[in-house]
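Visitor: If you want the building blocks of each chain, they are given just below.
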Amino acid sequence: MAVLIVILIYSLAGFIEIFPMIKKKQKKRLILYSIFFIISFLISILLSIGIEIPSPAVFIKKIVVLLKK
Amino acid sequence: MDKEVISDKQGVSLVAMFIIGTYTILVSGLQAKKDLWLADILAIIIAVPLLWTFIRLHQKFYGKNLFDILEICFGKVIGKFMIILYVLFSFIFGSLLLREFGEFYVIVAAPETPMIVPMVFISFLSIWILKEGIEVMARWGEFFLPILIVLMVFIIFLLLGDMDIKNILPILYDGPKPVLQGALDSLTHPFSQTMVFTMILPKLKRKSSYRKVYFLGLIIGGVIVFAISTTNILVSGVTMVSRMYFPTYITVTRVNIGDFLKSVEILVAFIYLLGGFIKLNVCMLATCIGTSKIFNCNDYRFIVTPILFMLVNLSCLMFNSSIEFFDWIFNVWIYVARLFQIVLPVIIFIVASLKVRNTRAENCCEE
Chain E
0 MAVLIVILIY SLAGFIEIFP MIKKKQKKRL ILYSIFFIIS FLISILLSIG
50 IEIPSPAVFI KKIVVLLKK
Chain X
0 MDKEVISDKQ GVSLVAMFII GTYTILVSGL QAKKDLWLAD ILAIIIAVPL
50 LWTFIRLHQK FYGKNLFDIL EICFGKVIGK FMIILYVLFS FIFGSLLLRE
100 FGEFYVIVAA PETPMIVPMV FISFLSIWIL KEGIEVMARW GEFFLPILIV
150 LMVFIIFLLL GDMDIKNILP ILYDGPKPVL QGALDSLTHP FSQTMVFTMI
200 LPKLKRKSSY RKVYFLGLII GGVIVFAIST TNILVSGVTM VSRMYFPTYI
250 TVTRVNIGDF LKSVEILVAF IYLLGGFIKL NVCMLATCIG TSKIFNCNDY
300 RFIVTPILFM LVNLSCLMFN SSIEFFDWIF NVWIYVARLF QIVLPVIIFI
350 VASLKVRNTR AENCCEE
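Protein sequence lines correspond, in order, to chains E and X.
Residue numbering for the first sequence follows numbering that gives the first Met the number 0, starting at 0 and increasing by one per position.
Residue numbering for the second sequence follows numbering that gives the first Met the number 0, starting at 0 and increasing by one per position.
Calculated directly from the structure, the hints in this document are not laboratory data.
Warning: the hint list may mix true and false statements.
Stated by the list, open to error - Heads up, simulated SDA-like pairs for lysine to any residue below, C-alpha to C-alpha not over 20 Å straight-line:
#, chain 1, residue 1, chain 2, residue 2
1, X, Lys-63, X, Arg-210
2, X, Lys-202, X, Trp-51
3, E, Lys-68, X, Val-342
4, E, Lys-68, X, Asp-326
5, E, Lys-22, X, Arg-300
6, X, Lys-130, E, Leu-31
7, X, Lys-204, X, Asp-7
8, X, Lys-32, X, Ile-333
9, E, Lys-60, X, Phe-329
10, E, Lys-26, X, Phe-301
11, E, Lys-61, X, Ser-320
12, E, Lys-60, X, Ile-322
13, X, Lys-8, X, Val-149
To be verified - Partial list, computed: chain X residues near chain E (C-beta under 10 Å):
#, residue
14, Cys-296
15, Phe-301
16, Tyr-334
Note that beta-carbon positions come from the ideal geometry of N, C-alpha and C, so glycine has one too.
Start from the sequences, fold in the hints, and give me the full structure.
Guide: Here it is in structure tokens:
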């Protein structure tokens with residue numbers, strides 16, 4: 000159920016934003032936009048399914064604790 | 000990209016609302032215990048030279064933001080690396096703000112709602128205002144700052160009857176050391192967070208505008224912050240304030256004027272909404288401008304939507320519980336923030352001063 004909402008929102012945002020870029024033929028912006036879009040889409044789908052993704056908070060905490068010593 | 004211009008007054012209101020922003024929710028500097036008011040005053044005094052370095056950076060490189068300065072001072076490779084670091088810093092900072100907003104909404108207003116719901120709504124509004132640009136944001140801030148100040152003064156006025164001066168006495172009972180530690184904490188959050196403004200401020204009208212924007216914003220924000228923290232301590236006492244998640248909110252629930260004026264805490268939630276929204280937008284603007292700078296594009300507006308989607312993702316996956324979130328902010332993020340907000344800008348300022356002096360010396364020798 001949540002997956003459907005995620006796919007709906009992302010495809011809406013994608014349609015609204017990508018078509019003007021294709022019309023104006025802005026290649027660099029299109030590639031950049033698509034990379035970020037796809038990464039964020041994958042993470043959203045994984046989150047809505049329920050797969051646990053390692054969080055950077057733990058990583059940063061380890062670095063800070065290490066440097067504090 | 001069109002030239003974006005904001006006036007002095009709009010800049011001042013941005014900085015002031017930024018400082019007040021999350022202070023209505025998280026009170027900082029609690030290590031000073033009863034002397035939190037002294038720590039706040041000390042933090043404002045120490046923030047003045049720090050803000051002066053930001054102002055001088057703006058004035059030396061007139062019209063350029065921090066990312067341009069980093070590339071000029073440190074060269075292409077190290078400069079790009081530092082830009083990436085600062086983009087990640089403001090991105091994680093933004094995700095902390097968004098998460099804080101979600102936590103507040105879920106803990107206080109609607110416990111059954113999954114946290115992603117308020118986060119998604121706020122981020123859609125954020126996408127809209129970022130696409131309009133900093134002018135709209137500044138005008139929004141200029142409009143709402145007087146409302147915010149009036150509401151805050153009204154709430155403090157209502158709390159005057161519940162204040163107990165014994166909660167502050169005796170002054171300096173634990174000695175000056177906790178006050179200094181509290182001042183450092185209070186400096187980190189919220190005063191030196193204005194460092195994010197070095198990444199976003201466009202070319203202001205005059206070189207002296209930067210001084211007005213930063214200092215006047217610091218004074219207005221600082222006075223309100225001082226008022227909020229002192230009111231919290233006076234009304235609730237130190238033990239209650241250190242135990243609560245949202246001290247100001249709980250303190251304001253005590254208002255009870257003749258059994259008639261009771262649920263005033265919704266005003267605190269409203270103030271937090273205004274200030275927190277500005278804070279989130281400023282941080283995400285910095286992230287978007289930095290990202291477009293890394294990839295050498297001159298417009299940041301096209302990258303707003305995916306970055307804000309990623310922000311919602313990061314806010315959801317970073318912490319598993321509220322306890323982990325608050326513990327992380329107070330024990331880990333404080334040190335990271337000190338590095339990026341206090342230490343690194345001072346280093347950048349020193350390098351920039353040496354660089355400007357070297358180029359001036361070269362010009363003199365050539366003549």
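Visitor: For this structure, which hints from the list above don't hold up?
Guide: none
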